[in-house]
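A.B. asks: Sequence:
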Amino acid sequence: MAKWVYMFSEGDMTMRNLLGGKGANLAEMTSIGLPVPQGFTITTEACTQYYEDGRKINDEIMAQVMEGVKKMEEINGKKFGDLQNPLLVSVRSGARASMPGMMDTILNLGLNDEVVAAMIAGNPDPKFERFVYDSYRRFIQMFSDVVMEVGKKYFEQLIDQMKAEKNVKFDVELTAADLKKLAEQFKAEYKKQLGEDFPSDPVQQLKLAIEAVFRSWDNPRANVYRRDNDIPYSWGTAVNVMPMVFGNLNDESGTGVAFTRDPATGEKKLMGEFLINAQGEDVVAGVRTPMPIAQMEKEFPDAYADFIKVCDILENHYHDMQDMEFTVENKKLFMLQCRNGKRTAQAALKIACDLVDEGHKTEAEAVAMIDPRNLDTLLHPQFDAKALKAATPLGKGLGASPGAACGKVVFTAEDAEEWGARGEKVVLVRLETSPEDITGMKAAQGILTVRGGMTSHAAVVARGMGTCCVSGCGDINMDEENKKFTLAGKEFHEGDYISIDGSTGNIYEGEIPTVDASIAGEFGRIMAWADKYRRLKVRTNADTPRDAKKARELGAEGIGLCRTEHMFFEEDRIAAFREMICADTVEERVAALDKILPYQQGDFEQLYEALEGCPVVIRFLDPPLHEFVPTDEEDIKKLAAAQGKSVESIKALIASLHEFNPMMGHRGCRLAVTYPEIAVMQTKAVIRAAINVQKAHPEWKIDPEIMIPLVGEVKELKYVKKFVVETADAEIAAAGIDMKYQVGTMIEIPRAALTADEIAKEADFFCFGTNDLTQMTYGFSRDDAGKFLSAYYDAKILENDPFAKLDQVGVGKLMKMAMELGKPVNPALTVGICGEHGGDPSSVEFCHKIGLDYVSCSPFRVPVARLAAAQAAIAEGVK
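Position 646, counted from 1, in the sequence shown is what the working numbering calls 646; the numbers after and before it change by one each time, with no gaps.
Treat the hints as calculated values from the structure; they're not laboratory data.
Don't take every hint at face value.
As the list claims (entries may be wrong) - FRET-style restraints, in silico, Cβ to Cβ:
#, residue 1, residue 2, range
1, Pro827, Glu60, 50 to 58 angstroms
2, Asp160, Ile797, 40 to 48 angstroms
3, Lys386, Ser9, 43 to 51 angstroms
4, Asp312, Ala63, 35 to 43 angstroms
5, Pro124, Glu52, 47 to 55 angstroms
6, Glu52, Ser842, 20 to 28 angstroms
7, Asp230, Glu281, 27 to 35 angstroms
8, Met739, Pro827, 21 to 29 angstroms
9, Asn477, Val725, 50 to 58 angstroms
10, Glu60, Glu511, 53 to 61 angstroms
11, Asp475, Pro124, 57 to 65 angstroms
For each residue, glycine too, the CB sits at the ideal point set by N, CA and C.
From just these sequences and the hints, can you work out the full model?
C.D. replies: Spelled out as structure tokens, the structure:
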């Protein structure tokens, strides 16, 4: 028979997957002799079984629970539901990954009218009577809210009414009679809401409470938290049942929460709060203002001395900063929970370094204990924590590019540029952005879009620039024409202030002050350790010298993707590019391209200079041509005049470029097949730039890497490569210089992965473009999928956005296949990834596992990728 229930004395911290984090740590604290009230844990497997059985607890599990209750009664010398000596319990969730505040807890379970009356009869002290009624009203309130889903507000209104009637400010000032009356009112409210009496049978109370904790694994806030923190739904939660110890018993009792180090700064000092005559929820709920933990020494010197000892024992035992909950009952200390504490990124780095210096951790262990996702927050401006606490979000989109931004609303890229030029801070709000918005995006503090997902244009470009972006806030009702939008019933006009948080996706009205990120000395130390252990190289996706320099500062070892099309949108170049599109003959096209050539060459020279001899992969033109043509009447007239053509003929040309599905249309290498002269011009620009920089810096090794995008058939690659090689060889020969170069391809079409053995014969390198590979493998449009993915999350069809976190089962299989097919054919083949997944920790780990040579990501994700690559190597046992 399966074992569904473990007493605390039967487990230890290695059983985290089965007992959940809280259960495993309660068992561990028990095994090392700390004062833990002795109870039991119902396993995570029982939670999975509960869902398999149609959200019911089966008889076998319930029988083992009652067996656990019996053992708990024996250990504690009290009986569940007994009138003489009742055992009251708490029922708390505990998943294997810490999910603070996401799931539910019920305290004081086992009380009913008879037990309350018997307890009071056995202790004539009026203070004790007050305590019993306080516990009873709390239990009814929590049970109703958590188990039966009757809203908290009904009970809070009754408490507020009672306090007003009695003219008191705090709950503690209410008398036993007041609390007794409240308990009656609460039960009446329960009956009014649910049409049945409050359950008085403790066994029924317990069963319903356990079911409620299992059910809370699937509540909306837990689901969102899990998605944000990569916690699989299949894990389930454990349930911990333990005897109550009462911090609200009297003035010689209390409750507290503490950290062994400061979770905000990492400083080694005890931090925490304590409340006399209270239960744990009071500290967290902020109903009363707690005292700093140090004051506990004055109130309860013995319990405080014991607690300090426990803190030392736990830190030395777990070798990490601990977050603990404890209760003092009649001056005696009880430990209710310990876990490795949540901390800011800044604190995480300091604590990791301190633990190495104190001999608790090795360098590899210190690297392994830092969550790479938190590093993002170190590199971008943040909201002032105090001001943020006081603000309420109006809406929420996707946190597409981290950081915080505050500024005046503008609706066009031109306005963003114009306002920015006169020193105004702006937030660019668009339905969605397009490549021609790039200059406005650069000028803005932050970008907010109504449509688009994590790999939409806005998200990708913003991450590359390190600009805060919230994308896909579908709740915004946009009126671009009149330069206004509505969110949560409030209308915003051009010039109104808003604040957006690119880490959480939250949108706030008005100004929330921001503070600049500070990179402390520990950052460099941890990164140096990470670099020692990782095998994967880390490059960056960068299109400008500014981005490239930033990425180099953050440790990038080259450029894995330079998107050349971003260079065409500058004011002085777009005209020549449009001229090329409008050309009727090859000669006209070449003449227009000749005007662009010096600009492209200049751009590439600057990039090679910025990279100081590190590798640079330059991707040839990728987007469809319709993205470059004007949409504005004024611009169309200008173009017609410049071309000496009629407005009608230009409009007809623009219409002819329109495609039903441009992401699968005339783009990538297909443009070079149709117009080889584009590839010829770009090859000249790349090679001439490389030659010039090599001559200026003989000590560097400039080895251009030319990437031909969107290849799905080896003949395409062969056809375009012929033009590249002929042009490159002619340029090198004319310069009388010895220079090697590589021609590779982007693997972003499933067919390319499936025929990688063919393609590897013609390619010097592969680079996985996982944004498109994901799009084409799933058949999801990466710009529109955000509209319906939430339904997929709710239905548990998908647990994550496949554009943000690599789908290792499907897309990953194609990548692995391409590696296995390509490498034997061409052993010298280097393979990287340059989709947005290159900066996602779990995706980086996958790239390490399947043997890629490098990952490439946006500049501000470089430290994340370096750390994730090191953690992958450490997890694999690299010494």
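A.B. asks: With reference to the structure, classify each hint as holding or not holding.
C.D. replies: Structure-based check of all given hints:
Roughly 57 angstroms separates the CB atoms of Pro827 and Glu60, a value that falls within the hinted 50 to 58 angstroms. Taking 40 to 48 angstroms as the suggested C-beta distance range, the pair Asp160 and Ile797 conforms, at roughly 43 angstroms. Look at Lys386 against Ser9: about 44 angstroms separates their beta carbons, and that is inside 43 to 51 angstroms. A beta carbon spacing of about 41 angstroms between Asp312 and Ala63 agrees with the range 35 to 43 angstroms that was offered as a hint.
Between Pro124 and Glu52 the C-beta distance comes to about 51 angstroms, which sits within the given range of 47 to 55 angstroms. Distance hint for Glu52 and Ser842: a CB-CB separation of about 27 angstroms, consistent with the stated range 20 to 28 angstroms. Separated by about 29 angstroms at the C-beta atoms, Asp230 and Glu281 satisfy the suggested range of 27 to 35 angstroms. The hinted window of 21 to 29 angstroms between Met739 and Pro827 holds, with their beta carbons roughly 23 angstroms apart.
Between Asn477 and Val725 the Cβ separation comes to about 54 angstroms, which falls inside the hinted range of 50 to 58 angstroms. Here the CB-CB span from Glu60 to Glu511 is close to 58 angstroms, well matched to the stated 53 to 61 angstroms. At roughly 58 angstroms, the beta carbons of Asp475 and Pro124 sit within the given window of 57 to 65 angstroms.
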